[in-house]
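Residues per chain are reported as follows:
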Amino acid sequence: MEAVKIQDVSVNDLPWKIQYQPERCTMCGSCVAACTFNAIEVAMERRSITVSTGHQPEPSQRHMATPVIKQKAAVANACVGCGMCEKVCPNNAIKPMRNPDSRINCLNRSGGTTVKRGGRASLNSADRTLDKIVVGRISQMTDPALDSERHTFDILAPFGRVLLPHELPLKSNGEELTLSGHTPPVRWIYPVIFSDMSIGALSTRAWEAVALATAYLNEKHKLPVRMCSGEGGMPVKLMQSEYLKYMILQIASGHFGWNRIIKAMPHMKVDPAGILIKIGQGAKPGDGGLLPAAKVSKTVQSIRGVPKADLLSPPNHQGLYSIEESVQKMFMSMNAAFKFRVPVAIKCAASATSVSVYNNLLRDPYKICGGFFIDGIQGGTGAANEVSLDHTGHPVVSKIRECYLAAVKQGRQGQIPLWAGGGVGLTGNAAADAFKLICLGANGVFIGKILVQLCGCVGNEHGRCNACNTGNCPAGICTQNPRLVKRLDIDKAAQNIVDYMLALDSEFKKLMAPVGNSSLPVGRSDALVTTDKAIADKLAIQYVC
Amino acid sequence: MCRIGAIKSKVAFHPSLALHLMLPQQEGHDNSGFAMVMQDLEGVFAKYKDKPLLSLACTQKGAAMVEHFMETNNFTPLYEWIPRGVRQPGLDIKAMPYYIFRVYDYPEHYRTATQEAKEELLLDTRLALRELLEKEENGFVYSFWPDVLTLKEIGDPRDIAVYFKLWDNTGDLMAKNVVVQCRQNTNYEIVRYAAHPFFLQGYTLCANGENTFYTKNKEYQKSLHRGYIGFESDSQNFLYTLHYVLKVLKWPIKYYKHVITPLPFDEIAKRPDKRELTAIRQSLGHLEINGPNTIIAMLPDGRMMTCCDSKKLRPVVVGGDGTTIAISSEVCGLNQILPHRNQELDVYPNEREVVVITRELEVERWKQ
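Heads up: the protein sequence lines correspond to chains R and Y, in order.
Its first residue numbered 1, the first sequence is counted upward by one per residue in this note's numbering.
Its first residue numbered 1001, the second sequence is counted upward by one per residue in this note's numbering.
The following block holds chain Y by itself, in its conformation from the complex (with noise of 0.2 Å):
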């Protein structure tokens, strides 16, 4: 079972906040790789917010590739902000060769092209740097995307802390949202892909747990959008689904919880909502999950958002001080970074339940 967490914060930090909620949640993990998304970003990206973000591990041949690439498809390099691994003997790390967060600017006629255009290029543009890279393994592609980062690796995390210098706070690497994960995926071999938190267009989402209903999702999935792929973890299901109900088919978030753990047949019969509710449960029974699973999610809007599965197997907690709000697996780790909360405010969700917490900081809840 993993264990996974998330920060919102009113004031930018560090990510070595982000390790210090996850490091006591150790024996839930297994410390083989550390994995984190960054939105709304300070320090040495703040100046390029509207501009995307590719972020990218490589080789030097894959370096040049994406580079060549970029070049041909218009896009102009603005910033670049490439760590310097401390290259000591002994870490726990298998470090790729070059890690690049480069800022871009858009092809000169996307510049007036309206929002939607820009994010089907934007995944566009991943997806062709993924397939490019894939062939020979020169390099993995985790994000595109404005005012967001993603880092992920393989090893124990406090060593890949070290090598990319995660526990100085220089006030490089600031970020007011981070969704992080500590661990590889178990199902399946390592492959820097599956690690956690997943991202499509805005959507990042972590999960901890199982979905046993990963074929059936996955086969359906497969032909719903072209940027469902992948599917290295089965979570993946979880950030598509997400996708898929809030960006495509452009419902209200509450009924991304009644696609995934829908309620049964005789509770729906007896609420108002009864025909609508059929209708999507009936036309999503393959987008259901049955397995135990906490989700955490962050939206393209700044939201975060956390829910589990119908029979609540999976923990989580959501804790805050009014400046910053976590949601972590476990309360150790906000005990960690914020001792000096009050924890009678602290919310244990429970299965039927979805908890959001709005960009002002405010904590929604309701029933499904």
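Looking at chain R on its own, in the form it has when it is part of the complex (with noise of 0.2 Å):
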């Protein structure tokens, strides 16, 4: 008798279980084919079954090698339950089934290194303070409601900054103002920006599907979306393109990509929308960022000039020590390189620091920075450390608050735009949650893990699949895997985009119309009320019960 290896890994051991039917089974293979994480295999066991042939029972036993289907006892090929077996199974005889048994916790550190996962925070995802609020003032009798349906609504946000109206170069002749000099360049664009995903965390397929979806909306249904490049750069066919004017170009701390992007700038034919400055992000604030060289591919290593190498942004822009060295140098260049034509705003990881960098940049002699991102503790869908993912960082909501009334105490709110990311749509309604964001001081808000679901993304906040960061994504999504990206249909996925849009844009309207409001509630809290006395307290707003 073999001795018991008690230390061996099971598949109960393992965070999912393949749940699998022999008999149901035709043996097509599907499903081994499809799993990208090669948790299933096929195997051969030994089975023994009864059978009667004859015209009257004679039962009999046979022993017989069968091939069946089979899960892989090895933390590495574990099964992250994203389900594709399921999918393609034509016979429903094969399933993911959640292990509350796992010991996967234990187990994958054993290699000595840290747990990476895709960028899904867990913190009080079920349990969100945007849930418990809601817009308690409702137009009736003083004020009538509007009517959504057939009002007209002003769904605009800027980016870009805004002057103090003593600052503004206006002249007057008595009758009328006019102005001359110049102003810092200001975009009312929707407040809802495709946030900044670059390519290679998504395929190019998964980008290009944004992308199409971005143009999209602004051409055919006139909605201003704004779609963030990411780190990295973006085809250079794309930069010398009308639809450059729908894209913020980013530049984060490894400075990927914009060597080509300045080659680019003199075949130019119009403007982007604006340049984002990145330093930190809400998934891994405080951490670089890491494209592993699995998913470095000829199109990546072209778009950005690299080799095939794991690619680190640092977690600061390396030679800058300070927000005012910061201003001067990042911004400054920024601005100057596109001749103070386009805005230049600037994204950090939500902190309990975030007010004191909002009133330095407030505070900027220069005014030339476009506006303040703060990225919360539930954004993020890259590659991070599960540590970092589920042990760092600061929610977006009560930060957003103090950043626009640190503004309103010096009166200067509305002059640095806020845009407010990070969990925004995880419950599936982005709409309610920028409304929310927006009657507490917020411009307007970025999304982006919401995208990748509409796209197809099956990952979810209780640790399923979350697999973004090996390159394996099942789903064509986040990998560079020219086999996996092929499943990604770019019409469809694009199409999903567009229609969450305009369903968000009926909801927006849904929402300012019972206030009474045809332009953006900014900083309208009276709108909202909420039955928890601490969310009352820390947000100003009024408590109900």
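Keep in mind that the hints were calculated from the coordinates and are not lab data.
Fair warning: this is a prediction, and the values are worked out from it, not measured in the lab.
Each hint can be trusted.
Here are the simulated lysine to any residue pairs, SDA-like style, with alpha carbons at most 20 Å apart:
#, chain 1, residue 1, chain 2, residue 2
1, R, K245, R, K263
2, Y, K1250, R, L179
3, R, K245, R, F338
4, R, K533, R, D127
5, Y, K1274, R, S172
6, Y, K1312, R, D154
7, R, K17, R, K87
8, Y, K1061, Y, E1134
9, Y, K1270, R, P185
10, Y, K1247, R, N173
11, R, K220, R, D491
12, Y, K1222, R, R412
13, R, K509, Y, L1263
14, R, K409, Y, L1224
15, Y, K1247, Y, G1302
16, Y, K1270, R, L156
17, Y, K1222, R, V408
18, Y, K1311, R, R150
19, R, K409, Y, F1231
20, Y, K1222, R, H166
21, Y, K1312, R, R150
22, Y, K1311, R, D154
23, Y, K1254, R, H166
24, Y, K1051, Y, A1113
25, R, K269, R, F338
26, R, K171, Y, A1279
27, R, K171, Y, D1273
28, R, K70, R, V9
29, Y, K1250, Y, D1301
Please dock the two separately framed chains into a single complex, following the hints provided.
Encoded structure:
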């Protein structure tokens, strides 16, 4: 008899167990072919079956070697619950089941390395602040509610530095005002930006789907949605096309792709919508970015001008050690590069120090910071260390509120538009989340994860899939593997995003109409109420019960 | 919903005319108060047009405090008019013990000061008096400005008129401009300061409706000017913005409407002055109003104006007979005081329109 190997990994130690019904299986092999994690394999099992083949019952036992589908008992090949096997199985013979007895937290650090996970934070995801706030000031008698179906709404948000009224170079002749002199560029755009997810983090096809949706929303539906490129640049053809005006170019700490952007600048027909300097990200605040070599495909290599290697973005911009320095060097050079025609904004991970950063930017004497993007703890889609995802960061809601109120104290609200992200649309309703954040003082929001979900991502906040970092994305969204990438239907993905945004636009109106506003209710905290006393106190909104 | 009104005339008239303008509209106001601002005074104040006039309701202690303060600050009293209330039983009025309307001369070292310096002094003095009286609720200072008189009271306007003998035209209290409202505020508890019209440095404003952007307006205005205080009513925002645009920024009057009810972006894009309008809209976004309202305002130079919210959800009508022009929420008020006017010439301003009545009683109107 074989010795019992108690320290061996068994399937019961893994987070997901394959439920397999051999009597339904026709051995077509689709599930094994579809599993990108190599979690299942074809195996032979010795089976004993009782058969009776004659006219009368004459049961007899037969032993035979039968091919079956079997889950691998290895951490490296652990099933992630993506359910691709179930989707491709013609006979409902196989599906993953969550295993409550999993020992994965102990097992997957066995190599001495940290655990990486696709960017899905789990803090408070079941117990969100935004879900405890409702729009409580409903216009009825004193001021009539608007008709959301027929009224026209002005749903636009600023991207760019806004001057105080007395700083505007306006001259009066007693009758008319004339603007003389330069004012910082401000773009009025839809208050939802498609957040920065790079080509590399996303497959080229997934990135293309988001870009396609952006163009379609602008050209066909006149919804001025902007998309951020993410770090690493974008195809030169796009940079030289008219569609560049819908794109926000990102520069992050790795400076990937900027060589090509600078080379493309003389050939740009139009200005980009903006520049976003990324300092930090909500999924792994204070941590750098990493595109694993596995995901650095030929395309990525050519766009970024790099060899096939791990691509690290440092946690900060090397050579900049203060906000003042950052304003003077980075903002100045970015503004100057586009001849002060393109707004330049900054994105930081939400932090206990966000207000200090914002105050500093508000006082920037050059008045060139065109937006403050705060990325909360529930944000991120890329590869991040699990420990960062679960244990670092700051919720975005109170931080947006604090920044807004800090500006109110100085009479500078709206000067540097506030954009909130990180968990917007986490429960599927981005319009409600955005509306509440806007009432609390944000000018707009940025969304990322929900776009990936609209493309077909099956991952969730409860540990399903979340393998964006592995290069094995079963939906072809976060991988560069040519075989997997082909699984993604670009047109369908783009269509889903367009449809969602159109629904979101209607929902915005459904929220603006009852409070009687036809323009965005920035700072209308009086419209919100909460049944949670702590939230009411912290956010300075009405407590109700 | 309130009803509001204003009268401007070439000949001085008695405040009873304002009551006759407002009372037919009483289904729109709840008779909970009466307030008016008179400008371009005749009667007993005719001789003191260039001297500041203090309008005040107070207790006995308050009166003494004010007297002491003004004396300490070198203001010399020139003339005072104290109405003796008719204290008959059954009147619905919550009267203060004293109503003082007193004309002062500027402190000596201010007599040669610039107009600007005098205006700042008058504001600072009113704010200081307000603070002084507020601590122990000894009184309310409504205005301190040359040629301007403010009366505010809680109760039924008819009874208030009886109390102040406003039905009897004795010729004492006469003016060429009056802005008036017959109601206390409903948004918050009854506060004397909260009754329209509001006054700041020569600017008077009355509004009918709701300002849904009250919180964001207030949060922004608080840091703009020391005179922007109180916020007892969401309609004070309209006055402060008027003051900010015309007096602080010194912009032409037509830009007031562009600030409070900016054009939609797609309409701005079609205009030749789109650069200016866009800059104004983005820079002053926090002064936008978005609720249903109508505004009637009187400017320091005696002009009157009216405009509405961007959806025109509150009514207003302007009508006149050549000698007198009135702005009113409802036409029934105009019919009462100007029955012989040509009604076909009445103006019903629309949502993008501003109507200004000049000193010569010309009616200017323009599209935003």
